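Visitor: Residues per chain are reported as follows:
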Amino acid sequence: MTRIALGPAVVQHVRPAGARGAAGAGTSAAFVPNATLVRRLDLSPSVARFVVRRDGSVATHLAGQYFALGIWADGRLLQRPYSTASPPTGASQLEFLIRRVPHGALTPRLWDLPLGARLRVGPPKGLLTLDPRLDRAALFVATGTGLAPIIAMLAALLDGPADARPPRLIVVHGVSYTAELAYRGRLERWAASHPGVAYEPVISRPADPLNAGWSGAVGHLDVALDAAWQRHRLDPRETVAYLCGNPEVIAAATRLLAARGVSPDAIVAERYWTTPIMGPSALDRAS
Amino acid sequence: MSYVIAEPCIDQQDQSCVAVCPVDCISADPASDRKFYIDPAGCIDCGSCETACPNQAIFRADQLPQEWAGFALVDATWFRDPARARRAVDELLPAA
Chain A
1 MTRIALGPAV VQHVRPAGAR GAAGAGTSAA FVPNATLVRR LDLSPSVARF
51 VVRRDGSVAT HLAGQYFALG IWADGRLLQR PYSTASPPTG ASQLEFLIRR
101 VPHGALTPRL WDLPLGARLR VGPPKGLLTL DPRLDRAALF VATGTGLAPI
151 IAMLAALLDG PADARPPRLI VVHGVSYTAE LAYRGRLERW AASHPGVAYE
201 PVISRPADPL NAGWSGAVGH LDVALDAAWQ RHRLDPRETV AYLCGNPEVI
251 AAATRLLAAR GVSPDAIVAE RYWTTPIMGP SALDRAS
Chain B
288 MSYVIAEPCI DQQDQSCVAV CPVDCISADP ASDRKFYIDP AGCIDCGSCE
338 TACPNQAIFR ADQLPQEWAG FALVDATWFR DPARARRAVD ELLPAA
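So the protein sequences, as listed, match chains A and B. So for the first sequence, the working numbering puts the first residue at 1; every next one is plus one. So for the second sequence, the working numbering puts the first residue at 288; every next one is plus one.
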């Protein structure tokens with residue numbers, strides 16, 4: 001589903017010449033830090049949860065949106081967008097689930113930042129947000145760090161009144177290693193305490209020694225998705241699917257859901273990087 | 288690599304690209320500019336702007352139609368010397 005944001009809110013992003021703290025005529029974007037790195041929790045050598053605290057008043061976001069995180073590097077503002085796992089509570093802290101890309105432009109530097117480092121957090125953006133048809137089941141499908149916006153949406157829904165949330169919330173999360181099942185404890189608690197919530201993690205490399213002891217679902221995410229679809233007896237006319245993460249997996253999941261009868265307007269997807277096959281039509285957050 | 292805003296943007300004043308750019312690298316001075324400009328130093332090649340543009344004015348630099356090849360330099364120039372970039376725009380498509 002392609003959603004294009006239009007409207008009055010657009011105007012605020014147009015900067016007059018000479019504007020400070022952002023790109024104006026005659027200058028590239030400047031680095032004006034507005035947040036502090038306050039916490040990092042490593043899940044594995046390459047995946048971590050970062051928490052930043054924004055200065056002063058904070059921009060309101062919608063659950064599922066992303067922010068650009070920026071640092072000053074090589075004489076310029078270096079930014080990449082990351083979905084926040086934080087629901088829109090108005091709190092100054094935002095949490096991000098980030099994968100370190102060994103030769104990426106930004107993430108190796110993010111890993112090198114000490115607590116207390118200053119960053120720039122851009123305004124909230126993104127179209128992976130909750131569908132207003134809350135009477136339909138919500139099927140959340142994520143690979144890796146694509147779980148972050150889904151956590152924000154689930155938290156927003158489960159913190160709200162029970163009659164203002166979908167009757168069923170089903171989460172299918174695929175990762176390579178069990179250590180990267182981010183928010184596993186939180187998801188298991190939600191599933192145990194909220195009727196209608198189901199959490200279905202799946203590991204793609206069960207033979208890897210790092211996954212020793214895993215007794216849950218294994219295999220490719222699209223296969224797990226199909227199994228979940230059947231197990232939960234989802235009705236394509238009464239389901240909205242949210243897909244986030246690896247673009248190839250999203251493409252496979254979209255095909256599967258279409259084959260199951262889900263209409264394109266009930267599939268909301270956000271791809272985390274581009275592939276030559278897909279063309280330049282998605283966010284590149286791989287670095 | 289970067290994206291570039293070409294001739295179809297001129298005098299359109301559509302701002303869809305600005306709204307979707309995740310790193311806010313698209314700018315213009317509404318009082319002086321006839322088009323928007325992408326900062327090649329900030330662009331992360333996500334392509335969100337290309338998808339959002341209703342005028343089909345935005346292209347990857349390496350896929351820019353030949354007749355609009357000059358706009359890559361125009362966009363880059365605006366972030367250093369906006370007056371020069373504006374003169375170039377006027378030369379490429381004189382105001383009606």
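Hint data in this document are derived by calculation from the structure and do not stem from the laboratory. The model shown is predicted, which means the values in this text are computed figures rather than measured ones. By construction, the Cβ of each residue, glycine as well, lies at the ideal position given by its N, Cα and C atoms. Be a bit skeptical, because a hint or two may be false.
From chain A, some residues computed to sit far from chain B (all C-beta separations above 12 Å) [what the hints assert, rightly or not]: (1) Arg76; (2) Arg136; (3) Ala156; (4) Gly160; (5) Trp190.
Estimated spans, in silico, between C-beta atoms of each pair [claimed, not checked]: (6) Trp72/A x Asp298/B: 33 to 43 Å; (7) Ser319/B x Val218/A: 39 to 49 Å; (8) Leu360/B x Val32/A: 24 to 34 Å.
Visitor: Hint by hint, say whether it matches the structure.
Guide: Taking the hints in turn, this is what the structure says about them:
1. Arg76: Arg76/A is in fact no farther than 12 Å from some Cβ atom of chain B, at 6 Å.
2. Arg136: Non-interface label stands for Arg136/A: nearest chain B Cβ at 26 Å, farther than 12 Å.
3. Ala156: 21 Å, holds
4. Gly160: Given a closest Cβ separation of 27 Å, the condition holds.
5. Trp190: 29 Å, holds
6. Trp72/A x Asp298/B: 33 to 43 Å: 36 Å, holds
7. Ser319/B x Val218/A: 39 to 49 Å: About 60 Å separates the Cβ atoms of Ser319/B and Val218/A, which means 39 to 49 Å is violated.
8. Leu360/B x Val32/A: 24 to 34 Å: 28 Å, holds
Consistency note: the structure conflicts with the earlier hints numbered 1 and 7.
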